[in-house]
Amino acid sequence: MSTCIETKQVSKIFGGLTAVNSVDVVVPENIIASIIGPNGAGKTTLFNCISGYYIPEHGQIEFYGMPIQGQPTYRVAALGIARTYQNIRLFGDMTAIENVMVGQYPRFKAGWVDAVLSTRREREEEKQAIEEGRRLLKFVGLEGLGDNLARNLPYGAQRRLEIARALANKPRLLLLDEPTAGMNPQETGKMTHFIRNLRDELGITILLIEHDMRVVMDISDQITVLDYGTKIAEGKPKSIQSNQRVIEAYLGPDVTSLTKKYQLRKKQRYDAKS
Amino acid sequence: MDKPTSTSTQGRLRLERYLRTFAGIVIGVFLLWRVYNVIVLQQNFGADTWVRFGLSGLILGGMYALIAIGYTLVYGIMFMINFAHGEVMMLGAFGGFFTFEALRFIPAPTLSNPEYNFLNAHPFISVLLAFLVGISISAMAGYFLEKIAYRPLRRAPRLILLITAIGASIFLQNLAMLLFGPQRKNVVNPDILDRGAGWIVNVSGNDVLISYTGIFSLVLSTLLMIGLYILVQRTKLGRAMRAVALDKNTASLMGVDVDNVISKTFIISGALAGAAGVMWGIHMGLVNHYTGFLPGIKAFTAAVMGGIGNIPGAMLGGMLLGVIEAIGPAALGIDFQLKDVIAFSILVLVLIVRPSGILGEKLSEEKL
Amino acid sequence: MRSSAVDKGLRTGVVFGIVIVTMFLIGFTVTGAGLVGKIFGVQSSYSTPPLVFFSIFMILVGAWAGVTASPRPLLEADTWNRALLAGGSSGAVSGLFSAIIGFLFGELNSNRIDPRTYLPSVSPESIKMFLFDQTPFIGSLLMFALMTGSGLAAAALSFYLRNNGAVRSSLRKASESVWDSIRSERVSNIIQNKYTRYASLLAFAAILIILPRTWGGYWNYVFGTVGIYIILGLGLNIITGWAGQLVIGYVAFFAVGAYTFALLTAPEPHHLMMNFWVALGLGVLAAAISGLLIGLPILNLRGDYLAIVTLGFAEIIRILLKSDLMTPYTAGPRGIRDIAGPTILGKSFISDVDFMYLIIIAVLVVTFLANRLQNSRTGKAWYAINLDETVARATGINAFASKLLALSLSAAVAGLAGVLFASRNQFTGPDDHALMVSINVICLVIVGGIGNIPGIFLGAFALKGLPEILRETENYRLLIFGVLLIVMMRLRPEGFLPAKRPELEKASVQNPLGKEA
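Residue numbers (this note's numbering), protein chains in the order written: chain A, 2 to 275; chain B, 2 to 369; chain C, 471 to 987.
Simulated from the structure, these hints should not be mistaken for laboratory data. You can take every hint at face value.
Facing chain C, according to a computed beta carbon distance under 8 Å, are these residues of chain A, among others:
1. Arg84
2. Ile98
3. Gly104
4. Pro107
5. Gly112
6. Arg166
So the derived label-pair ranges between C-beta atoms look like this:
7. Ser670(C) <-> Ser253(B): 50 to 58 Å
8. Ser670(C) <-> Asn185(A): 48 to 56 Å
9. Pro153(B) <-> Lys239(A): 53 to 61 Å
10. Val491(C) <-> Ser253(B): 31 to 39 Å
11. Lys171(A) <-> Phe931(C): 45 to 53 Å
12. Arg246(A) <-> Ile26(B): 46 to 54 Å
13. Arg136(A) <-> Arg21(B): 42 to 50 Å
14. Glu132(A) <-> Leu641(C): 42 to 50 Å
15. Ser253(B) <-> Ala871(C): 36 to 44 Å
16. Glu964(C) <-> Lys239(A): 52 to 60 Å
17. Leu578(C) <-> Ala109(B): 20 to 28 Å
18. Glu132(A) <-> Ser670(C): 28 to 36 Å
19. Asn153(A) <-> Leu578(C): 55 to 63 Å
Each residue gets a CB set at the ideal place from its N, CA and C atoms; glycine is no exception.
Working from the sequences, and respecting the hints, build out all of it.
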């Protein structure tokens, strides 16, 4: 199994604050990996470094062995890294299908001259783009809603549309920033299922930030825990759950006595559910 | 999937930075060569002329700085070029003009001179009144501008705010023209602030006139800038302003009344612009509806030059721009008609060579 | 509740009072009366319009104040009182303002003090009219009564219309039936029918061919200007409407086009005497290149810098054109004369009718271009940048290159407009390229409907055509534009004819694209 994305000793510093501190993350191909950590741990900053918004001060980011740090965002995107945002960021005044078509931008070549002359290339690409757009909308379950303005769609649909837009460029790595934020348990369950589907059906590697531990433990093959910009743990969900440092990071160092109780209660809840 | 051609680390951004630096060096060397040619080799002007230019540049720069602070404050908080800011200054200039005119018609006979008017009998009070009136008018203009035109658009895209600002600028300019007529009006100062009067200093054998109005403007603008700096750094309002500039949402969560702070920012920047306007009238002597337009754009240039959002930057930028504009045509050996071209070229040059300005921008990180 | 009605009335009254005082001080009361007279078919451009029209004008203003103040939505039972109180107080307060200003200036006037030294628009005639030809005291009383009365009456009327179910429902029914008939299937079938479409196109073409011949020179000139502004509007729309980057100094590119063309074809100052079509191409090219050069250092910076840099660029060009430095090359402030007209096979076509055709063709070409670009891949990228540049970059759009393209295309279109403008007038000078042109273009794009091609047509006709008909308002045109911009941005930022997004999903269902290819 080859490595999809790897960060090597990546650091990002804002003023005096080291938001990400020498973080190594290795994500093998075709798995679902999660980054978790308390608020302000530097998860989104790491995402932004990967997708090219920030240039890390130190370290390297390799995408299938190719260094990508410092490349402009649009090129990183064209290479096959797509992302969604913590607070949904769609092109609100465009229709849903147009959003998806914008997502396909790097896959096509027709320029403005083609558009003016309405060349064969332009017409064929446009046809393809619309068909692909419809297919993707159907895939995320938004069939028939394609001509609504994105901002008029309900919340859950917007989340899925954002993913559809990210998928439009046929990415090999998908970065999801809190995909289940603001969703009720039912929607969350659907979304979890949907994310797993993405990996299984499309073979996309998925890296996600998530606060909902149930989701994380449920779907992740690998979990990386950040705290104050540093990686404090990495591994399978099981090993993370019992990791002392992770528990301290979330609950504070003084609660070691409490953790046993916490784990016990958690176990009970888990048992009760199953 | 084909491999990308450029995989060099941090490639493009670094390349761009190099390109900008390179362009800066080329342009700088050319300008220096040109200046060297004119000043050292040709020696068209003596030292006295340079002193005269430099001084008038500093005076002008003080006014630019006051206006530029307004741009920077507003840009820092709202990410918006307040195009109408120059017009706010123009209203202040009219305020000063009309105060002088009104006081001129109030008789204040003294024993020695029975035809004395108030303006000359009490020049200090008159000047103070002119500034009070000018500053109040401009501060009010700023306040209402924000309240009527900008506040309803708090959540609108920036393009819409910008267009509104242009609309406000056009409106105010033409309102002033229709109200007061398109002719330039002569500002009649009190006798002690006569524009021809001043100290005479001898520089390399020639007399240089340091006019009272000029020194008055320069001192006053410096004082106002110091006052503003203290206000922003030391007072509660200043702290609130800085907090809002950094992050509106967090500031409002911390109990800062954002709307109120924005309002006060507009009042402060309006007041400074008004002071600059009155000074403009007193020193330059001519006022009309177009008075604010060019200084407004130039002051924005100054704000960008110093680093937008950065208050000391705006002061430095203003001063620098004033001096460059005054010395520039002579130093580069070009026509004096072209001094406005110099100011605008500086804007373009700054944006090419160092877009973040001399002292660096101080803007909140745009949320990704 | 009553006090709140009065409160609203008072506030509205103060606003309207200030507006009336301002209108009086800038002399708009006379113009307004003249406009009213024009509606009634009485031309009075040179003398002061009759008092009746002035009264009607003031009644209209008072009525507006009353309607604005009258309560809505309707909540309580005793709203008759509230409506009357609000309307009355609003009218009264605005009347008070008017009465005070009228009395003041009336007294000044009767003491033979001429306010025109400081307020040049306040002529004795306008003061006299503002006081209905009475003494200051009686005149201002009359004014107060008139405003209060019209405020009351208007509030009552609007309340009655709004509250009266019968009137309201019949109004709604009427409007609904009109809409239904427009939307009905039969009409839409007729519209979508291929033959009717051809027929209407043919009729349109015929109108475009015949009209310039029958209009005469004046209207050809007016609509030629409108046409040039349509081109400018379509051009600005590319960078501002679609890509979302405001360009204030748009006139700079217009000037580059016009001057390049003029210098290449005029006998003075260079005597190049180039062929019209070659020079046209070069003019457009020069404008496009200037757009590219301006955009290169700036477009990857903060978006709003572009606005001010282009403004600076426009000023630089204007100052340079006027300066002595450039006089040997660009003929200085005098401008360039005897610019070539269009030629075909050596035969020149410079009559106003021929030129009108040329402009119509140019408008059609640019419209065609814009229409093709609008929803293309490039167009979508522009719009994505407009809506959220960060995300657009993250979806793989090279925002810098896209914006640069938009600016160059925009500039090229402005260059074309400049060429046509210079060629039509056979003259161009620095004053043809004042900032005023840019402001006009920005206004027409925004009023018509930003990002929407038909909207720009509407805007150009409204902002360049209408003022030709309403010549009285010429002095106030820019003031009105300023107000229009502010009001439009607040109430209707998308313009009168807002842009619509295409329905791609549905379209592809109804009419599978397989057929087309």
